[in-house]
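Going line by line, the protein sequences match chains A and B. Residue 223 in my numbering sits at position 223 of the first sequence; the count goes up by one each step and never skips. If you count the second sequence from 1, you need to add 225 to reach my numbering.
To be clear, the hints were calculated from the coordinates, so they are not data collected in a lab. Watch out, some of these pointers could steer you wrong.
What the hints assert, rightly or not - Each computed DMTMM-like pair below joins lysine to aspartate or glutamate, with the alpha-carbon atoms no more than 20 Å apart:
(1) Lys-187/A with Glu-342/B
(2) Lys-187/A with Glu-387/B
(3) Lys-214/A with Glu-330/B
(4) Lys-87/A with Glu-339/B
(5) Lys-186/A with Glu-342/B
(6) Lys-67/A with Glu-360/B
(7) Lys-93/A with Glu-117/A
Stated by the list, open to error - Selected chain B positions facing chain A (Cβ under 10 Å, derived; list incomplete):
(8) Leu-318
(9) Leu-320
(10) Lys-322
(11) Glu-363
(12) Val-381
Every residue gets a Cβ at the ideal spot worked out from N, C-alpha and C, and that includes glycine.
So the chains spell out like this:
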Amino acid sequence: MGFDAFAAACCAIPVLVSVLAVRVAYVLCRSGLPPSRSRASGLRCLIVLGSGGHTAEMMNIVTELQKDRFTPRYYVAALTDNMSLPKAQVYEKSLIHGDRETIIENAEFMQIYRSREVGQSYITAIATTLRAILHAMWLIIRIRPQVIFCNGPGTCIPLCASAFLLKVLGLGWSSIFYIESIARVKKLSLSGLLLYKLRMADQFFVQWPQLQQKYPRAQYAGRLM
Amino acid sequence: VIDKEARRLYIMDPIQTSQSLEEKKLRNLSGYFVFHFMLWWNGEDLVKPICAVSGNLNLQVEHFTFLPSIADSIREASLVISHAGSGSIFETLRLGKPLIVVVNEDLMDNHQSELAEELAEQNHLLCAHPQTLRETVEAMDLHALQPYIPGEARPVVALINEFLGFPV
């Protein structure tokens with residue numbers, strides 16, 4: 001009995017690994033190609049906000065998006081960031097027309113654990129990163145975004161990784177758009193570098209021509225600010 | 226070189242800059258400027274030494290830790306001195322105000338200085354270190370600064386729409 005189970009495991013594991021490898025290869029090849037679904041209703045979006053200039057830049061993008069195409073909108077910011085979500089809420093409220101009460105219908109606002117706070121020791125960061133990854137997975141499974149917008153804060157890495165994992169497992173497809181922060185003129189941020197090298201973003205934008213020359217797979221379409 | 230009219234000087238988040246504006250530097254500048262300090266964070270401790278000397282000088286000091294929008298304050302200013310955060314930089318440039326950015330590499334990540342240096346090279350603002358702030362203010366020629374033409378998100382969003390198969 002034990003021997004049969006052992007033999008079964010010996011066969012199953014290589015098969016599973018091969019299937020996963022094929023799926024990862026498929027996802028990587030399919031990234032960068034437009035998704036094939038029909039445009040019946042709006043696309044569910046995840047918008048990752050970050051401290052400082054990140055949120056300002058991201059809101060510039062959101063303002064420009066056609067709202068009927070990108071709806072509902074899920075805004076995510078770090079738990080310790082208390083300025084970004086209010087800014088998004090102010091914007092979403094401004095979209096409400098007419099005499100209806102000011103209830104925001106097409107947007108939700110959520111907070112996520114950060115992998116590591118500024119100045120936190122790297123040892124405790126292992127546990128907090130794990131917590132952030134699990135929380136990110138939970139949010140991604142809950143939201144099942146079709147589109148993800150992010151521009152550099154560390155909070156976007158667990159989210160993008162979770163979305164990528166879902167793609168590999170065939171449980172959902174999200175197009176990831178990454179726009180490197182305007183503060184990055186000569187070097188990519190850590191988030192940007194990871195997404196660029198691992199080819200996890202479907203489209204990768206930089207805001208300075210010098211960066212586009214250094215990272216040829218990136219696109220340069222001017223500055224957001 | 227320095228305009229003799231009373232000017233409002235608006236300082237954003239000057240944890241680094243206020244430390245460099247000691248009493249003797251203030252004395253050099255105060256004959257020409259009315260200072261309107263606005264400090265973030267733990268403004269109380271930073272403001273005390275400045276307030277102590279402000280009585281002798283032509284100084285008006287205001288400080289706050291959070292303001293929903295500093296745009297109005299920036300609009301009233303003749304000059305803005307700021308740290309190198311991209312939010313502060315672009316908010317000021319987009320309002321068309323002269324800007325001196327103080328880069329302190331001891332206290333912050335290097336990446337913030339890349340942006341300030343690039344924009345200084347393009348003559349949209351002046352760059353200084355805490356140690357050189359005084360000379361920069363004394364020698365500044367704000368009329369030589371080039372106006373900054375704001376960017377916009379439309380080209381990026383057009384590419385995103387195109388990728389997703391939406392009509393552009």
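Against the structure, test the hints numbered earlier, and report the numbers of the ones violated in rising order. As far as the earlier hints go, 2, 3, 4, 6, 7, 9, 10 and 11 are violated by this structure, in ascending order.
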